[in-house]
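**Q** The lines below spell out each chain.
Protein chains: 2
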Amino acid sequence: MSVTIYDVAKRAGVGIGTVSRAINNSGSIAPRTKEKVLAVVKELGYRPHASARGLARRRTNTIGVVVPFFTGYFFVELLRGIQGEVSKFQYDLILYNVDETNKKEMILRKVLQERKVDGMLLISLEMTNNEVWELRRSRLPIVLVDSYHPDLDSVTVENRRGAYVATQHLIRQGHSRIGMIDGHLKSSPARVRLEGYKNALRDHDIGFRREYLVISDYVTGEDGFNRKAGYQAMKQLLHLGSNRPTAVFVSSDIQAIGAMKAIEEDGLNVPNDMAIVGFDDIELAQYIGLTTMRQPMFEMGKLAVDRLVECITDVVTNGFKKVFHTSLIVRNTCGALRHQSHNQIT
Amino acid sequence: MSVTIYDVAKRAGVGIGTVSRAINNSGSIAPRTKEKVLAVVKELGYRPHASARGLARRRTNTIGVVVPFFTGYFFVELLRGIQGEVSKFQYDLILYNVDETNKKEMILRKVLQERKVDGMLLISLEMTNNEVWELRRSRLPIVLVDSYHPDLDSVTVENRRGAYVATQHLIRQGHSRIGMIDGHLKSSPARVRLEGYKNALRDHDIGFRREYLVISDYVTGEDGFNRKAGYQAMKQLLHLGSNRPTAVFVSSDIQAIGAMKAIEEDGLNVPNDMAIVGFDDIELAQYIGLTTMRQPMFEMGKLAVDRLVECITDVVTNGFKKVFHTSLIVRNTCGALRHQSHNQIT
DNA sequence: TTGAAAGCGCTAACAG
DNA sequence: CTGTTAGCGCTTTCAA
Chain Z
3 MSVTIYDVAK
13 RAGVGIGTVS
23 RAINNSGSIA
33 PRTKEKVLAV
43 VKELGYRPHA
53 SARGLARRRT
63 NTIGVVVPFF
73 TGYFFVELLR
83 GIQGEVSKFQ
93 YDLILYNVDE
103 TNKKEMILRK
113 VLQERKVDGM
123 LLISLEMTNN
133 EVWELRRSRL
143 PIVLVDSYHP
153 DLDSVTVENR
163 RGAYVATQHL
173 IRQGHSRIGM
183 IDGHLKSSPA
193 RVRLEGYKNA
203 LRDHDIGFRR
213 EYLVISDYVT
223 GEDGFNRKAG
233 YQAMKQLLHL
243 GSNRPTAVFV
253 SSDIQAIGAM
263 KAIEEDGLNV
273 PNDMAIVGFD
283 DIELAQYIGL
293 TTMRQPMFEM
303 GKLAVDRLVE
313 CITDVVTNGF
323 KKVFHTSLIV
333 RNTCGALRHQ
343 SHNQIT
Chain E
3 MSVTIYDVAK
13 RAGVGIGTVS
23 RAINNSGSIA
33 PRTKEKVLAV
43 VKELGYRPHA
53 SARGLARRRT
63 NTIGVVVPFF
73 TGYFFVELLR
83 GIQGEVSKFQ
93 YDLILYNVDE
103 TNKKEMILRK
113 VLQERKVDGM
123 LLISLEMTNN
133 EVWELRRSRL
143 PIVLVDSYHP
153 DLDSVTVENR
163 RGAYVATQHL
173 IRQGHSRIGM
183 IDGHLKSSPA
193 RVRLEGYKNA
203 LRDHDIGFRR
213 EYLVISDYVT
223 GEDGFNRKAG
233 YQAMKQLLHL
243 GSNRPTAVFV
253 SSDIQAIGAM
263 KAIEEDGLNV
273 PNDMAIVGFD
283 DIELAQYIGL
293 TTMRQPMFEM
303 GKLAVDRLVE
313 CITDVVTNGF
323 KKVFHTSLIV
333 RNTCGALRHQ
343 SHNQIT
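Those protein sequence lines, which keep their order, are chains Z and E.
With our numbering applied, the first sequence corresponds to residues 3 to 348, in that order.
With our numbering applied, the second sequence corresponds to residues 3 to 348, in that order.
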């Protein structure tokens, strides 16, 4: 069958212990022996069997990423960052998807007990205290990405501030009837962005109007951060007729794209009839000239992996919290550049 | 530490063999015993250790997906289909990414020898005869997706026919100066689509003009199926001035989006000055009204997994070839609907 | 420095 | 039907 450590040992005329030491540069081993063994390893094309090694070493060199649904573009960018960094550390990556069938608790329990992974990245996942307690008890290294819990390491973004700045930007363009389209409030970024939006209104003495807030949860089981949800939400705002807002802060770019479709269908113009600011800065935002709050998704993924690997390999103390900044990217949909030339593709 | 099969056995007052039989419903076991064991399993929250099981059983219940880069939107759709089906079969999914650092051969060898997965899906990966030979020798079940080799199972799409239909559609709109923007020719879909394009021209007595064909390989290391590449390629076509084509078949929607940006920047209009047909039907195609050839990405992923699992669990004969059909989705960028109303979001 | 041997936790063959 | 035992392939003491 496959070549094993015994084959290598026999061929090199040594014991299997020596082979193991050679390939792991562990213990002490004579340079000459090591060389000889490594030559045989290459000759036979030997590579340790992952399960055997995992069993003996209690480490799989695999990390798990748990994502709620395929949240789409945000997640893809993040995954890019994660994937690159993971493979840099010579780890493999298992993708766990939570949805209606695979409930979060089930997956977490499964992952914790099977010990198929050495650590986990939980993406945009709201954790209850109970769940956190279980996680900590299992001693499996965990890093939260795009969500927060005081007792776990996390990599997040300044959602409150970001939403605040976005809203403020709209206010500064002279708007006072400013709506918001948000994702489902079970998502904590969605909740926090709503706060930021409200704070900005309050600080500028603009009253919050319930009818100007639309929470997208159009499709059950999803988080509302998708194009259709944005489309539906904007339709709802447009039904307000002449009372409609003149500007809307949309909680994700992909929803903003849907929203703009709705506006266009109504024969209205962005930004003249309705100004829009999104959130995320996905690749397409640039293309369609969407003003948005950039979050450094790629870097977030990368950093989360760095931290996770650190937790796995070193003994570290808990309490890592990294909060990335968002930045306002002004393009055409907010009206600020109304009389300037279009931006270039870079 | 973690609860093992011994803990369960002791608590239930049986041997470990019995526990194993109970949780695997293998061998024969008295209903009462089984019940008792299962109760203890639940009580203790026992779950077999993946590595130990993998070692003993020689099966990991994991499948690997190898993708070249993150080919973007096409891949995301595919992954959706794959992920859903994989978890339906109770498998986990390891994502391997091939890029400059992680060369294809390295990854394949690694995967074949580590035996971390029970089977592999290779996405859009061109395989040499040599590689195929090694794959077959390893006896690891493999299914090719979006690429083809006579000696391996594969799930593909009618690229030639698709490109033919797209081009023909443009011809039928009255165009005779028809260009093509293609991905890098190391990608077999790119090559085959080029053939389809040429065939359509030939069958309609239109000469192939070298200057109307632009191969995007703008960014090294990528396959050209991205927005910037499409943008650059269209720029190049527009440099032809009044000799430029009046219609272009673009090999992927995401390139088409870039191409349309270039057209717009030149102050030209789609479809009046330049008609466009794309390929893929990614989610955004609908939004921007892009006429395109739809390929059933989700279904392709699903079917590939079905077949792979079949290969893993049953003894099957080689030679599975599924070719999905493409279908022309007429929207606004080809000019066919010039005088009709816009399409709706569905 | 190195070989031999004892597990790692589980499955599966083998007695009973 | 069920307990015992021999591996699965590797890492890691423990002597030598």
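These are computed hints drawn from the structure, not numbers from a lab.
A few of these clues could be false.
Remember, identical chains collapse to one label, so a pair may be satisfied in a single copy or spanning two.
To be verified - Capping the alpha-carbon separation at 20 Å, the derived lysine to aspartate or glutamate pairs in EDC-like fashion look like this: (1) Lys188 - Asp101; (2) Lys44 - Glu136; (3) Lys106 - Glu267; (4) Lys230 - Glu285.
**Q** For each hint, tell me whether it holds in the structure or not.
**A** Hint check results:
1. Taking the shortest alpha-carbon separations for Lys188 and Asp101, only the intra-copy value of 14 Å comes in at or below 20 Å, while the best inter-copy value is 37 Å.
2. With identical chains, the CA atoms of Lys44 and Glu136 are at most 20 Å apart between copies only, with a shortest distance of 16 Å across copies and 44 Å within one.
3. In this assembly of identical chains, the alpha carbons of Lys106 and Glu267 never lie at most 20 Å apart, being 38 Å within a copy and 46 Å across copies at closest.
4. With identical chains, the CA atoms of Lys230 and Glu285 are at most 20 Å apart both within one copy (18 Å) and between copies (10 Å).
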